[in-house]
Every structure is written in structure tokens, then in C-alpha cells.
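Residues per chain are reported as follows:
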Amino acid sequence: MRKIFLPLTKEIIKTLKQGEMVLLSGPVLTARDAAHKRLADTLKAGKIIPVVLRGETIYYVGPTPHRKLEVIGSCGPTTSSRMDPFTPLLLKHGLIGMIGKGERSKEVILAIKKHKAVYFITIGGAGAYLSEKVKSAKVVAYKDLGPEAIYRLEIKDFPAITEVS
Amino acid sequence: MTRIIDAKLITDMIKDLFIRANTCLRPDILAGLKQARKNETKEKPRYALDAIIKNASIAKKKMLAICQDTGMAVVYLKVGQSLIVKGDLKKAVAKGVALAYKEGYFRSSVVNDPLIRKNTNTNLPPIIYTDIVPGNKINIKVVAKGFGCENVSKTRMFRPTDPVSSIEGFIVDAMKEAGSRPCPPVYIGIGIGGTLDKAVSLSREAIFRPLGKNSKDKHIARLEKSILKKVNNLKIGPVGVGGSATALGVSILTYPTHIAGLPVSVNISCHATRTQEATI
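As you go down the protein sequences, you meet chains A and B in turn.
Numbering-wise (the working numbering), the first sequence opens with residue 2 and increments by one.
Numbering-wise (the working numbering), the second sequence opens with residue 397 and increments by one.
Treat the hints as calculated values from the structure; they're not laboratory data.
No incorrect hints appear here.
Chain B stretches covered by chain A per the calculated footprint, using a threshold of three residues with CB under 8 angstroms from any CB of chain A:
1) 454-467
2) 633-641
Residues from chain A shown here face chain B by an in silico Cβ test under 7 angstroms; the list is partial:
3) 65
4) 68
5) 104
6) 130
7) 148
Simulated DEER-style distance windows between Cβ atoms:
8) 6(A) x 613(B): 51 to 61 angstroms
9) 528(B) x 47(A): 51 to 61 angstroms
10) 137(A) x 609(B): 37 to 47 angstroms
Model, not experiment: these values are computed from the prediction.
Note that the Cβ used here is the ideal one computed from N, Cα and C, for glycine as well.
Please take these sequences and the hints and turn them into a complete structure.
Okay, structure coming up:
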């Protein structure tokens, strides 16, 4: 399986074939429903968001808490289509990659293609398995959202399939 | 004969059931996944099934949640009418849920108000259904219900004269529309009959039936097999990568209904279907 190193670039994305299984390594941000809404509301208000989206990949996940010696708890993908209303705006602000589960709306697929971005799916419901692919995790924004906070994760050989590019 | 138990016993049992439900995949579901892996010939669904099976063993070994969506806690209590619970039964249940989610390192996924949406940070409150039955025992069933699959579940009120094929069509279409969002291969629980709420409640209860067992009613067993075949013909496959396993099983429960109605509810449950049951 081909190894892909993050952060992604448009050049790397150009080489990805639809349906291709890959292993992702490098930094990603996490965000799910509440964080997406807050990011989008802030951007729409013309204010500055607490993360830089340019060239960034977002993993749609809200992990479980973890025990002392663990890096992260169970951390499988959540349903991507719930982020669809916010995705075109985030792509406009430089987001280049997304990891989640399930189909996206027509509008989002068009926006992904327009911005030469990529949407990967990973193994839904395999949160314990995927936790072993995360090497570090740290909350970087929206701590008050608890499990919905934005984390910076460092992933290694994280299994993914190119769904839309 | 009247029997008295302390509410603390209920707390301990609820805690234990939710920890087990969230970390140990049901043996029947695991066997279904292994069978699906055996039958699968394509590379991608094989890879996905291998990861899902491995996930179950990692979760069990590390006492880690099978899925990060450790669900909203749903509790079904069948309380014997000759049983006296010393203490506050519902508070005892809530305490058990809170302890399980804290000590099990499970995610708090409940918000205080559906519109204001502030996390309660305890996974409380649970949803509790109680039923009074003969005897002096208490039967407890728990579901840790993740919302990836809850969000694609559906209910429709059919006409009593509608053909059975239209019910099948409704269920197959619900799965088609759901696609890979509910984490296939899924276990499909279906409730037919009763009232609107009864059909939904039956569809939930249906997933407690061990996978691989069909209804005792021949016409319902036939319907279960037919729906399973049609859903698997959708070829959504494990995590949506195609292949033959879109559903592991279909379980239908029925109830008498009104002359003017035919309620049908479909409860799509992910491959990490988390239920447990015990009787005290």
C-alpha cells in the first residue's frame, strides 16, 4: 500500500486515484459538528479562527478520553455528511484534506474537485484499532467543547481510501 | 414471594453491563463478521473486515471502547411486581451509567438540551423504559446507542392494504439511502405493527435477538431472509467499499395493530452493535 505523507499538497493529491488504499502519516487537525459550526460562524462574521486551515487535513473524530499511559482513546471516524453544510467554506479558506466515513453531498464533491482537495474514508467503527495509529494528541482550540474540541494529532500509517479527489 | 434488593445492586449491574457492552463485542456479531470475512472474495472489503475484527480484539484486550461513539445509554427494566427495590431505582440506574462512562473512559456524548446543546460531561441522563412483569426478579437490558446508525433509522405508517413488497422496498431504500454512514455490515432491527411508538420500540428490541436466528413465525422468517438478500444485493459492503456483506442479519418483531394502520420502523444498527442483558 502506498504511503502518503502529510501535510498534503496539490501535487500529491494529483497522484491519488479514486478508490486507492493508502497509509497516511503526519499531522492532522480534528473537528466535528460543534467545531465546524463555530469555525464557520467565526469565518462568516469576518473574524479570525484559532487554527490555520491552509494546506490542512481535518479528521472528523471525537475521541473517547484516555488512560494515563495512552496517547488517545478510541478514535474512529464520524459521519462526514453532517459537516457538508460547512465544508465548501472551509475549502475556500485553504482546507485541502478530509478524513471521515460515508458519502458526501453533490455540492461538497464539486467543491472538493474545484479546490483540488481530497476526501478519504477510513474504517468506521474501528476506533480501538485506529487509536494505535495515533502517535500524539493535543487539544489546540475550543477546549470547552470537550470531546468536540479541535485536537492536533500525529498519525502514522493510518489506513484510508481515496473517496473523492 | 416478595423479595427485597438494594438499589446499589442495580447501580453495580448497570455499570458492569455498559462497560461490557462498550468493550466486548457481542460473540454472535463477532461470529457474523468472521463468517462475512470468510465469504468475501474482494480485497478492499476483506481489508475492512480484517480491521473490524482486529478492532474487537484490541478493544477487549485493552478495555478500550470498540467505537469512540460510546452512545446514549438506553436501559430497559422489566421489574417483577413482587420485587421491592430499596432506594431510588431510576437514580440507581443513572449512577450506574455515570460510573460506567467515567471508569470505562467512554465518551460523554449527551447534551443537556437538544437546541442549546451543552455537553453534560457525564453521559447523563440515560433513557429508561420500565415494564412491570410477574415474579420477583428484575431483567435489565442495555443499549449503548451510537448515532451514526441512529440518524439513518426510519419509521413509516403504511396503509393496511399496502403489499408486503412495499415494506421490503421501504427498508431496502432506507439502507440504500444510508449507504456507508451507519458503519456496515449492519444488523437491521425491524418493528411491524402496534402504534407509531410501539413499532419503534420493537425495532430496537429486535436487535437483542442473537444474530443468525430467525423469527419463529414462518412468514416473518421468510420476510427476514428476503430483506437480508435484497440489502446485500445493494453491495454497499463493509465501510462502503463494496462486497457481499452490507448486512449481517435482519430481525423482525411484530405486534397486533389497528384496522386502519400498518406502522413499520427500521432500526439500523452498526457492526459495533452494543447491547447486554442480565437478570437479578
